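*Asks:* From just these sequences and the hints, can you work out the full model?
Each chain is listed here by its residues.
2 protein chains.
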Amino acid sequence: MGGGKFILSRKEFHDVADFFEAKKKYYAAIDTRPTGIEQISIHQAHGRVLAEKIIAKIDVPPFARSTKDGFAVVASDTFFADEENPKNILFSGEKIAAGDLPEKEISGGICSEIATGAMVPRGANAIVMIEYAETDGNMVIVYRPATPGENIMHAGSDMMQGETLFHEGQILNARETAVIAAQGFTRVPVFKKPVVGIISTGNEILEPGESLSPGKIYDINSRIISDFCIENAAEPKFLGIVKDDFEKIKEKVLEALLFDMVIISGGTSAGTGDLCYRVLEELGKIIVHGVAIKPGKPVVLGVAKKKPFIILPGFPTSAAVTFDLFVRPLIRMKAGLSPDTEYKIIDSTIATRINSDKGKHELVLVNLVKNEATDICSAYPITKSSGSITTFSFADGFLEIPANIETVSKDSRVAINLFSKNIRIADISFIGSHCVMLEPAVIMLRKSGFTTKIMHVGSTLGLEACRRGEADITGIHLLDEKTEEYNLPFLHKDDKLTLFRGYIREQGIVYRKNTTIEKPDLGHFIHIKKLRLINRNKGSGTRILFDILLEAIAKENDFPIEDLKNNISGYDIEANTHTAVSAAVALGKADWGIAIRTAADNYDLAFVSLRDEHYDFCIPNIKLGKPSVKKFLEILKSNEFHENLLKSDGIKIPEDIGDRIWPKSF
Amino acid sequence: MGGGKFILSRKEFHDVADFFEAKKKYYAAIDTRPTGIEQISIHQAHGRVLAEKIIAKIDVPPFARSTKDGFAVVASDTFFADEENPKNILFSGEKIAAGDLPEKEISGGICSEIATGAMVPRGANAIVMIEYAETDGNMVIVYRPATPGENIMHAGSDMMQGETLFHEGQILNARETAVIAAQGFTRVPVFKKPVVGIISTGNEILEPGESLSPGKIYDINSRIISDFCIENAAEPKFLGIVKDDFEKIKEKVLEALLFDMVIISGGTSAGTGDLCYRVLEELGKIIVHGVAIKPGKPVVLGVAKKKPFIILPGFPTSAAVTFDLFVRPLIRMKAGLSPDTEYKIIDSTIATRINSDKGKHELVLVNLVKNEATDICSAYPITKSSGSITTFSFADGFLEIPANIETVSKDSRVAINLFSKNIRIADISFIGSHCVMLEPAVIMLRKSGFTTKIMHVGSTLGLEACRRGEADITGIHLLDEKTEEYNLPFLHKDDKLTLFRGYIREQGIVYRKNTTIEKPDLGHFIHIKKLRLINRNKGSGTRILFDILLEAIAKENDFPIEDLKNNISGYDIEANTHTAVSAAVALGKADWGIAIRTAADNYDLAFVSLRDEHYDFCIPNIKLGKPSVKKFLEILKSNEFHENLLKSDGIKIPEDIGDRIWPKSF
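Chains as they are written, first to last, in this note's numbering: chain A, 1 to 666; chain B, 1 to 666.
No lab work stands behind these hints, which were simulated from the structure alone. If you're wondering where the values come from, they're calculated on a predicted model, not measured in any experiment. Wrong hints could be hidden among the right ones.
No distinction is drawn between identical chains; accordingly, a pair holds when it is met within one copy or between any pair of copies.
[Stated by the list, open to error] Below 35 Å or equal to it, Euclidean Cα-Cα: the simulated DSBU-like pairs (lysine-lysine) are: (1) Lys-538 to Lys-57; (2) Lys-447 to Lys-421; (3) Lys-664 to Lys-305; (4) Lys-530 to Lys-57; (5) Lys-57 to Lys-637; (6) Lys-53 to Lys-647; (7) Lys-24 to Lys-421; (8) Lys-24 to Lys-192; (9) Lys-421 to Lys-192; (10) Lys-519 to Lys-555; (11) Lys-626 to Lys-24.
*Replies:* Shown next, in the form of structure tokens:
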């Protein structure tokens, strides 16, 4: 029965190739030479790769050129000239402007006027600057001596005809195109961009724009692959999505084989993978089928019609890393670039111990944080599943852990492959509780040129990230049950952290205005079975507040707290942000939740205030000197930010906003 | 008389604005807001700047999704299952593939087969991996327990509808476009690229492709400006070159004013500058006329028809730095980016003391070299004139020395503005004597992913650069007159350098084969007045060899050496490379010169051997560990390189090529 099919298809991956062997074997089996050469206009040349060496065809400058406005003279005529005893030289009457061909020859006792950039007349061997001369009738009075060659740029002194200016493989930027323009070239020989045919397969995959039917998701891989191609000097051609149908896939692949390379990203299920490599088997040859890497094991490397044909796994992060490992070097070689983008690899230390499967070349996605202590980057492994697209979008790159290594200990010095050479480590990372009101701050930071990375993990995890020095800034609103105090009780005296006063937010119950409920208080909401809750993630300040309030109710009615929770429909469904909770309620996916008034207002929801809370900012001491952090603290005290805060009813600004409130003494 | 015109035009620059004031004043006077917003296809979005925040419109995944191939079960049915006591669960008969809408509801005792990525059927709360189950008739035998939620990705666990995904100002790379695609968006709101109208003026300026007439040079500035625009998210529109004619310039400017901004680069002479700002005066308003910067003083910042109108100086390097200081921040703001490209600024130390004019904001072009001692960059000021294009093309960026600073001492820690974010510090810099045969090595290095920078300064200056740690590798061929020995005598025992054996080159006289000369030896050549020499630059090994040979001849005929030299026509005309000498002779610009046989052969010239010489490689000890240097030493010993060397008759390969020949003992 059908179950067997899966088990079978699994078997095919039992003995997969070692990573390094696989790569070597594949590149040996295919043509990795550049796709070809084309002559393009210099106006299009920026960013392209030079395919032949460029030799100077003319001298630059092509003639002896004056570098100043002044008078072309025979230097000896000016010797010993000074303010007291200027030298008089007869003016030839000729004024040589830039671009003119001088008519009169200069000889002892005669000079011509000359403009910057103009051709030095025959006989002249120096230019007296205009500042050091005066004209008087037909005489020029020179107040300073000029040495032979002064203010003259000799022919070929910049570039000499016959010199090699650039070699094959040079990437052309303004510096290079300028030199080529100076030589009068209008066209440049560059390597053709390899054209990559990209196909997505899988019955569950839809193209963005199509209406989303149950069980379907939008295609992500073709987007990642296309943009990775662009970043690596290749031209992507997306041929669309094909359903799981051998003939249809084959047809599409034949179309793609008209280009220089074919990349299929298989669906997520082994079944779809099957079809893709069967097509490859029929049209060409499989060189490597499955590699001992994690993630990315199902990658298939083949060749058809002499062209590379690669099947990438379906999960976005698997597709991204396998692209980086096998495809990127290939398209770079075909584009005339070096296969290794070693400049993309950045030196960092691992922030937490990583365990890796022995015998597998493991690829661990990481989030890079500038570590002010070591002044190099700390790499934080990202644990989310490879099925998650946000895993990829939060990752700056990945760490390769070779098959023979089982654990990478904390603080190991490692090299990280950045996913893109455009990736810039965020100047400031907010990791902690979510607050809608941070958005204006983020925008103000960006306007000052600071990039931000924001991860909503809740107050508790945020505070941990802050202690590890991972977060630059952590917004927290943690209520201490005993003291009824916010945030301060959660800091330990040995914490190397500083707490800055933020603002006051109003927490409450949010529900749709049309909801009929006689007594809108918490005790009431939790007892109405038909009203479904959307809860917040564990460790978030809001969740903690909610659980504290439930505790109270439970005590009051001396009812076991666990039963109470189990009776609340939807208690286990979690959202990570106030916005997400409000949206879920507004859209009827749930009936009520706990969120700040600001979020409720944004979705025009009814709001029952539960309590005001302090939303403060915790910063590792070591980060306090960081320009981006300083800027944030400025913003916190700025009127522009306060005005933004006050746009929302739910926010109050305390006197001491932006002040250091912990540690109390220094 | 005419001379006066220049003096006048100079006067206009007598009191120029302070740099910082000028910038502030100008940006206050013009509209620096983004040019506008456009909706573009996500396929074109890569690299663009997001103009509005993006909010999740759907949950991702949109439904509970299986992350494994296996069986959808009620977790409790599998509790306590193991190899000895597997649990049997009835198979519903349904196989849920990715993209399917499950038909059957799961309840205790029943399960369905499910593929990775497929929708989890109602009732099921865990997926048992295929590896841990077997099918037997209509039963599924489960060998391991599954916990509730295992292998299930809940709806919205990746992104939840309503979440803010990205903020305005975000640059879109694969990471971002993938997330946007996952949301099903097909179009993205991005900031319009500001369109910059670019005009070049000057009677001496030609467009590349035009035939070069005397006194003219090719336009460089429009090329630099255009490519700088591209690098900063603007779209350049080059409107061509205009001669020095008020009406013609005005006409062209009116055309350019249809775009978002106008940049004219004036000719080099003050006269041309005149015309440009007179046009600006007539069409708009001058905000800043001349700034106390060096180079770049004549820059003019104005506005016409509410659009920025900037006149850049004519010299390429002046145009480049003034663009960087005044235009780059402006187009970045208009493109929705932060004005400061602070990530472009790199931390380095100044390698040599710099003196700067007091009262002038001075911009010193520098060449960056990775300093292995400090592990940060050393910045080497480039002294060539700003009229030289190669000055710009060799410069990685520039150092700003504010008006109040007169000297920057050696080893000062400074920030350097890179000319482009694409500039990557060369992995290996060859500074020293020129050799044609280095080209294959350079190409082999690039193929291994190492970029090179080559500066031909001759053996002597190269050796100095090597001592300063500026050069990674210096090729030298220095003959010691007394010992008749090459290179070794020029190293001092306290030098922290290592000399590696290179190859042997044949130096000789090169001349055109059709030259009629009865006795082709040096003594003869130097006495034939009608034969013009092209000499080599002072300090080059070849020049030193030549002068030694002349000394000998002078002694022999006991004739004063200076007179001898003065009698050689062309003795003072210098070229920097063997290629340039050979080219000059081949093209009849000179009649003879001294060069290596390889260069002579390349130009099919007659060659009279003078002597064999050792061309060796000197490397600072501190660079020996550098990967690029190690690679070069490998190449030196590689067959591929040797085969390349042997292609040329003029080269011999010694036994000990690539060996360390100094210091002798360690």
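*Asks:* Using 35 Å as the alpha-carbon threshold, which applies to Lys-447 and Lys-421: within, between, both, or neither?
*Replies:* both (22 Å within a copy, 19 Å between copies)
*Asks:* With 35 Å as the alpha-carbon cut-off, assign the pair Lys-626 and Lys-24 to within, between, both or neither.
*Replies:* between (44 Å within a copy, 26 Å between copies)
*Asks:* Between the shortest in-copy and the shortest cross-copy C-alpha distance, which are at most 35 Å for Lys-24 and Lys-421: within, between, both, or neither?
*Replies:* both (24 Å within a copy, 33 Å between copies)
*Asks:* Treating 35 Å as the Cα threshold, decide for Lys-57 and Lys-637: within, between, both or neither.
*Replies:* between (61 Å within a copy, 34 Å between copies)
*Asks:* Which holds for Lys-421 with Lys-192 at a C-alpha limit of 35 Å: within a copy, between copies, both or neither?
*Replies:* both (21 Å within a copy, 24 Å between copies)
*Asks:* Within a copy, between copies, both or neither: which one fits Lys-664 and Lys-305 at a CA-CA cutoff of 35 Å?
*Replies:* Neither: 73 Å inside a copy, 57 Å across copies.
*Asks:* Which holds for Lys-538 with Lys-57 at a C-alpha limit of 35 Å: within a copy, between copies, both or neither?
*Replies:* Intra 71 Å, inter 24 Å, cutoff 35 Å: inter-copy only.
*Asks:* Evaluate Lys-24 and Lys-192 at a C-alpha cut-off of 35 Å and name the case that applies: within, between, both or neither.
*Replies:* within (25 Å within a copy, 45 Å between copies)
*Asks:* Please work out whether the CA atoms of Lys-53 and Lys-647 approach to 35 Å or closer within one copy, between two copies, in both situations, or in neither?
*Replies:* Only across copies: Lys-53 and Lys-647 sit 18 Å apart there, 61 Å inside one copy, limit 35 Å.
*Asks:* From the Cα coordinates, with 35 Å as the cut-off, is the pair Lys-519 and Lys-555 best called within, between, both, or neither?
*Replies:* within (21 Å within a copy, 117 Å between copies)
*Asks:* Reference check for the pair Lys-530 and Lys-57, CA-CA at most 35 Å: within, between, both, or neither?
*Replies:* So Lys-530 and Lys-57 pass the 35 Å test across copies only (26 Å; inside, 84 Å).
Checked against the numbered hints given earlier, the structure breaks only hint 3 and satisfies all the rest.
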